[in-house]
Amino acid sequence: MSGYHLTHLRELEAESIYVLREVAAQFENPALLFSGGKDSIVCFHLARKAFFPARVPFTLVHIDTGHNFSETIQFRDELAKKHQVNLLIGSVQQSIDEGKVTEEKGYNASRNALQTVTLLETIEKNKFDACIGGARRDEEKARAKERFFSHRDEFGQWDPKNQRPELWNLFNGKKNMGEHFRVFPISNWTEMDVWQYIKLENIEIPSLYFSHEREVFNRDGVWYAYSTIMMLKPNEKVEKKTVRFRTIGDLTCTGAVLSDAKTIEDIIQEVAASRITERGSRIDDKRSEAAMEERKKQGYF
Amino acid sequence: MNTQSYLDMDLLRFTTAGSVDDGKSTLIGRLLYDSKSIFEDQLQAVEAASKKKGEEQVNLALLTDGLKAEREQGITIDVAYRYFATPKRKFIIADTPGHIQYTRNMVTGASTANLAIILVDARKGILEQTCRHSFIASLLQIPHIVYCINKMDLVEYKESVFEKIKKELELFTAKLDVKDFRYIPISALNGDNVVERSENMDWYQGPTLMYLLENIHISSDYNLIDARFPVQYVIRPQTKEYHDFRGYAGRMAGGIMRVGDEVQILPSGFTSKIKTIQTMHEDLTEAYTPMSVVLTLEDEIDISRGDMIVRKNNTPEQTQDIDAMICWFNEKPLQVNGKYALKHTTKDVRTVVKEVKYKMNINTLHRNEEDKEIKANDIARIKLRTTAPLFIDKYHRNRNTGSFILIDEGTNETVAAGMII
Ligand SMILES: Nc1nc2c(ncn2[C@@H]2O[C@H](COP(=O)(O)OP(=O)(O)O)[C@@H](O)[C@H]2O)c(=O)[nH]1
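So the sequences go chain by chain: Y and G.
The working numbering puts the first residue of the first sequence at 8, with every later residue one more than the last.
The working numbering puts the first residue of the second sequence at 6, with every later residue one more than the last.
What the hints contain is simulated information worked out from the structure, not anything from laboratory work.
All figures in this text were calculated on a predicted structure; none of them were measured in a lab.
You may find that some hints are simply not true.
Covered stretches of chain Y (chain G as the covering partner; in silico rule of three or more C-beta atoms under 8 Å from a C-beta of chain G) [claimed, not checked]:
| # | stretch |
| --- | --- |
| 1 | 98 to 112 |
| 2 | 195 to 201 |
Cut-off 25 Å, straight-line C-alpha distance, at most; resulting in silico cross-link-like pairs (DSS-like, lysine-lysine) [unchecked claim]:
| # | chain 1 | residue 1 | chain 2 | residue 2 |
| --- | --- | --- | --- | --- |
| 3 | G | Lys93 | Y | Lys206 |
| 4 | G | Lys41 | Y | Lys206 |
| 5 | Y | Lys56 | G | Lys245 |
| 6 | G | Lys317 | G | Lys245 |
Derived list of chain G stretches under chain Y, where covered just means 3 residues or more per stretch with a C-beta under 8 Å from a C-beta of chain Y [stated by the list, open to error]:
| # | stretch |
| --- | --- |
| 7 | 94 to 105 |
| 8 | 196 to 204 |
| 9 | 235 to 248 |
| 10 | 312 to 324 |
| 11 | 355 to 369 |
Glycine residues also receive a C-beta, built at the ideal position from the N, C-alpha and C atoms.
Could you build all of it, start to finish, from the sequences and the hints given here?
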């Protein structure tokens with residue numbers, strides 16, 4: 008019977024598609040949180056596969072910090088247009104202007120933490136009852152215990168100690184008014200799975216992932232893209248380097264790697280040889296050992 | 006890295022059970038470390054944490070603990086998932102705590118596993134918890150159980166110790182409902198027989214744990230006989246191009262279906278033929294468990310979520326009376342005559358608990374027919390009556406169509422996992 012056996016990528020794909028269809032079936036107003044990074048791009052691709060030939064039945068939601076790479080924004084807009092999905096943008100700048108959050112100051116200032124407020128407000132205002140995210144359990148320790156269907160209370164908070172047990176393929180999306188769910192269809196994928204799948208399915212990704220020349224500067228061993236919003240310390244200088252990004256977040260907190268990887272295959276080889284996790288290049292996780300867990304409890308992605 | 010071989014890999018899900026200090030975390034750390042699945046920054050973090058705790062060796066066990074509260078208490082209290090791959094397979098570990106008060110977590114981790122690793126301390130032999138973990142694996146129908154007799158270094162790697170424990174285990178496992186048992190002498194701490202063959206135990210001729218994980222035959226773990234397609238979602242694009250399109254999206258929960266197959270729709274009983282099996286990129290001639298596909302039928306029939314498409318001459322039982330083993334999850338005890346929401350495949354119904362037949366003592370496998378108070382972590386045999394018929398197979402025959410969960414209608418919490426008998 009060995010002919011009737013799926014490869015691991017196809018099994019993961021089947022599982023993710025099943026989860027996405029459960030979201031459409033169990034919730035009234037689901038959204039797909041779209042960051043422009045490869046994980047959310049893969050989620051969107053899976054959603055297309057799940058509902059074909061119908062359109063993706065989710066609103067794409069992007070929480071824009073105002074510090075995104077322009078390549079990300081352009082990619083996002085083209086994708087929404089091409090696949091005729093509804094795109095909704097939550098603006099961190101607006102939350103700042105309205106005085107709901109306060110900007111961090113100093114060299115390592117980042118709007119990363121502020122996103123949570125804008126995100127929760129966007130969810131509340133639009134009455135989204137499920138938000139699909141591209142987080143994976145292999146990314147980070149606190150995520151290793153995350154459920155596929157992750158319940159959030161009326162304040163949008165996660166209670167890691169009181170999670171619903173999740174058995175077989177039976178997902179319990181029942182909730183009270185005002186509560187919502189975060190759903191993670193690619194929970195069981197690893198970084199390598201995502202890259203191999205992008206190659207297998209020929210999925211388009213932003214140019215930032217491929218090596219290119221860019222003005223960068225080095226801070227504490229990490230290369231950052233130089234832009235006018237970055238404050239340089241006196242000893243830091245801007246150089247031109249051939250780099251690419253392993254993850255795509257904010258300009259202010261996403262490190263670049265020196266790389267010549269020009270194709271997906273090159274990237275796969277590079278990821279396979281790398282001895283550092285992808286989140287290792289993001290300062291937002293380094294702030295404390297339990298940083299991610301704290302942010303997640305409050306309602307972060 | 007060879008991309009083609011990566012694409013050919015398959016997936017093995019396994020659980021690890023063991024009581025505190027049996028060496029479970031050390032073993033997982035060892036598997037991750039020796040298969041080079043640990044990144045430098047993770048290793049550095051663990052080195053730093055080991056130092057902070059004043060330990061001399063790098064404590065591989067620290068690689069596997071998740072949340073802060075648990076780090077502080079020094080125990081694992083949930084199910085944590087870990088990932089690693091070798092050139093042959095990708096692995097998902099459901100890492101669960103072994104203490105009796107975490108039975109529900111073990112049940113959760115076991116529900117999707119192909120294989121269970123059960124640790125036995127070579128100095129202590131079979132303990133109550135060994136029986137408990139084995140019973141849970143059997144109850145959840147994990148197809149393969151691997152006993153790792155750990156800490157062999159502390160018994161001078163003696164064959165006699167291993168053989169004695171193995172004999173005792175064999176007597177006990179004969180009573181369990183699992184076909185494939187394996188026994189491996191290891192030292193998780195030193196790595197003997199985990200990934201590398203042990204030089205200290207040349208009397209052992211069997212495979213290392215890693216060899217077993219990479220090569221154990223899992224393609225017959227799914228039921229490929231009874232075709233079952235629970236309808237998950239109805240796809241109606243209502244666009245010009247697909248004006249009359251009506252597709253049934255779902256995941257094969259058993260068996261194989263082919264274009265042209267005569268099928269029956271439950272509960273309506275209408276019959277039709279499979280017209281197409283679709284995915285976005287291509288139409289298929291057949292679909293099998295656990296593929297996610299879209300079916301279209303020759304005839305226009307009213308079908309909705311919760312219905313099941315099956316082969317005409319092989320239908321599941323349709324019944325409102327369910328006999329099941331359950332594991333209770335909630336602090337609030339099970340209420341006889343209480344009403345709960347029930348989820349089975351893609352179907353939602355309500356149910357009332359008719360009767361508790363017995364509670365299982367999962368350390369001794371004794372059936373207690375007197376004490377019927379079912380509390381968190383208890384395992385019991387019960388009878389249910391549902392508001393509408395379910396289309397069921399026995400759990401023993403099909404884990405997808407033989408399982409269900411119960412939900413408290415007041416709190417929305419998942420309160421029990423059920424296996425249909
Ligand atoms: N001598 C020896 N000690 C071991 C072995 N495996 C684990 N240990 C030790 O047993 C203790 C408990 O191990 P740990 O992995 O934390 O157990 P867990 O509670 O089951 O996760 C630690 O001090 C380990 O170093 C082994 O094979 N040999």
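Here is what the structure says about each hint:
1. 98 to 112: That given contact is violated, which follows from only 0 residues of the stretch 98 to 112 of chain Y lying within Cβ reach (below 8 Å) of chain G.
2. 195 to 201: holds (count 4)
3. G:Lys93 to Y:Lys206: Holds, at roughly 20 Å.
4. G:Lys41 to Y:Lys206: holds (23 Å)
5. Y:Lys56 to G:Lys245: This hinted pair holds, its Cα atoms lying about 19 Å apart.
6. G:Lys317 to G:Lys245: It is violated: about 34 Å lies between the C-alpha atoms, which goes past 25 Å.
7. 94 to 105: holds (count 3)
8. 196 to 204: violated (count 0)
9. 235 to 248: holds (count 9)
10. 312 to 324: violated (count 0)
11. 355 to 369: violated (count 0)
In terms of the numbered hints stated before, the structure departs from hints 1, 6, 8, 10, 11, listed from lowest to highest.
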